[in-house]
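Chemist: Residues per chain, in single letters:
There are 2 protein chains.
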Amino acid sequence: MQKVIECVPNFSEGKDQKKIKAVADSAREIKGAKVLDVEWDKSHNRSLVTVVGSPDGVLKASFEMIKTATKLIDMNKHKGEHPRIGATDVVPFVPVSGVTLNECVELSNKLAKMVADELNIPVYMYEASAKRDDRINLADIRRGEYEGLKKEIEVNPDRKPDYGSNKMHPTAGAVVIGARKYLVAYNINLDTKDIEIAKKIAKEIREKDGGLPGVKALGFEVDGFAQVSMNLVDFEKTNFDAAFDAVKKLAEEMGIKIKNTEIYGMIPLEALVNAVKTTFRAKEFSSDQVLETRLR
Amino acid sequence: MQKVIECVPNFSEGKDQKKIKAVADSAREIKGAKVLDVEWDKSHNRSLVTVVGSPDGVLKASFEMIKTATKLIDMNKHKGEHPRIGATDVVPFVPVSGVTLNECVELSNKLAKMVADELNIPVYMYEASAKRDDRINLADIRRGEYEGLKKEIEVNPDRKPDYGSNKMHPTAGAVVIGARKYLVAYNINLDTKDIEIAKKIAKEIREKDGGLPGVKALGFEVDGFAQVSMNLVDFEKTNFDAAFDAVKKLAEEMGIKIKNTEIYGMIPLEALVNAVKTTFRAKEFSSDQVLETRLR
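Protein chains in written order, with my numbering: chain A, 1 to 296; chain B, 1 to 296.
The hints are simulated quantities; they were obtained by calculation from the structure and are not laboratory data. For clarity, every value in this text was computed on a predicted model and none was experimentally measured. Just to be clear, a hint being listed does not mean it is correct.
Note that identical chains are pooled: a pair holds if it fits in a single copy or bridges any two copies.
[Stated by the list, open to error] Here are the simulated DSS-like cross-link-like pairs (lysine-lysine), alpha carbons at most 25 Å apart as the crow flies:
no., residue 1, residue 2
1, Lys18, Lys167
2, Lys277, Lys249
3, Lys283, Lys257
4, Lys208, Lys113
5, Lys200, Lys160
6, Lys193, Lys277
7, Lys259, Lys249
8, Lys216, Lys67
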């Protein structure tokens, strides 16, 4: 199986199309990497580039993007609603196929060293790459944002970066780098207008409240109907088919049917293959049997 | 969506590895085509090459393979258990993604014209490409095999080929070309040793006996357990998830559970996507959302 990693760096520029394009273009030039998507938000003043490719390809592509963002974005002039600490704010590596989370952790450490050594930007490691428990969550690292960290980094030993010196880059600030599992966004629309039912089901199934492992869930109203909106942060533990079954069972206990469901954004082939293996009890089924995989 | 067609030509050589390799190699040289698999059977004295690629790629690859087989295989010396009429016996084009069956029919006609004009081999069109109702089934075209057709082709107007003159190629004989839908092989193992139950279910679900459209099914004994073995010849009409549901329901009515299932060989991504759409009611889901597809 071909090794494929996804990298979705966030940059503190959501208005200037030229700069956003320049950042994405520096990834487009890299062999073994492919830019799948570029998104931006003006009020957040923030953009996001989705790159996939080989471990080496995404490593080079992410480094080149950070380099370009460092040249073009000045944090001293940046304003936006979204919390951030640097020109390149956060860089997650995500295993897609043929790669373990640990390999992504390794890759994130390689990138962090390059960024600290060659670009003089202090780096904080988060999620699976965190070197301290209080740095697993991104929000904890971003406390005080760019302006707050700038004041603290040199004087508060607790905010010493994981790579680089305890000195902000004069214009690019600092960056958070790490590895996390692939996140599948899965929504289930219920055949009821009663949002309380969606909220009740969400509470039952989410990990935080003792539900299914790797499931984050909220109840919403969407187009007048109740929706259970989920983030499956570890589809190898709880895949969309298991989430579907759990929501269906709980809904049926309250006399409610499922209207339809939606997989939002992209999903790794492995998640589809796993669903076939469990739901249709085809335990030997493998992604190698999917014709499109064989074409790569 | 990228256009992908599969072509699985059958050649009347199942013993001489050099010849089998030479035939497959002539496809390997073609840009836009990829040889996925080469199989052979000594007692059938027959080989089978699985090629996938763009319409143009598989057209060129199949032509080059036929050309090589024409040079290397002499039907006057061929003996084997499997029915055949030529050095290249049958060439089916199969839509895999982004391509309709009609496009495959067109492609099969292009190839047929090239084979008749440039290689002087008479061509019969079958399945979806058949120009006469009595040539839809391969067995009808192959009646009498190479030896029988050789005697009849020049004298019986009913056996006039669809392309080329009514004269066998001196060594390569004739060839059958056409287009058909992708065939998914799907087996369901029942938690019973009673084969009669598998046979009963197979009879209920197969199209021939009034069951599900595009389903061929037989009941077998495999490893001491009863198996419903299916060929889904039109997964857009009856996909593996629908077959699973139907077999499960019939088995449960007889108090029998499903042990496990197996998807045999390759399956197009589109079949997995369709199963997600129906079983999990994700009607908007598309293969473009599958990360691996986006990597091509």
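Chemist: Now, for every hint given, state plainly whether the structure supports it.
Modeler: Against the structure, the hints come out as follows:
1. Lys18 <-> Lys167: The answer is neither: 29 Å in one copy and 67 Å across copies each exceed 25 Å.
2. Lys277 <-> Lys249: Both, since 20 Å and 19 Å are each at most 25 Å.
3. Lys283 <-> Lys257: Answer is between: at 16 Å across copies they meet the 25 Å cutoff, but 29 Å inside does not.
4. Lys208 <-> Lys113: Classified as neither: same-chain Cα gap 34 Å, cross-chain 66 Å, threshold 25 Å.
5. Lys200 <-> Lys160: The answer is neither: 42 Å in one copy and 71 Å across copies each exceed 25 Å.
6. Lys193 <-> Lys277: between (34 Å within a copy, 23 Å between copies)
7. Lys259 <-> Lys249: both (14 Å within a copy, 23 Å between copies)
8. Lys216 <-> Lys67: For Lys216 and Lys67, the Cα distance exceeds 25 Å both inside one copy (34 Å) and across copies (59 Å).
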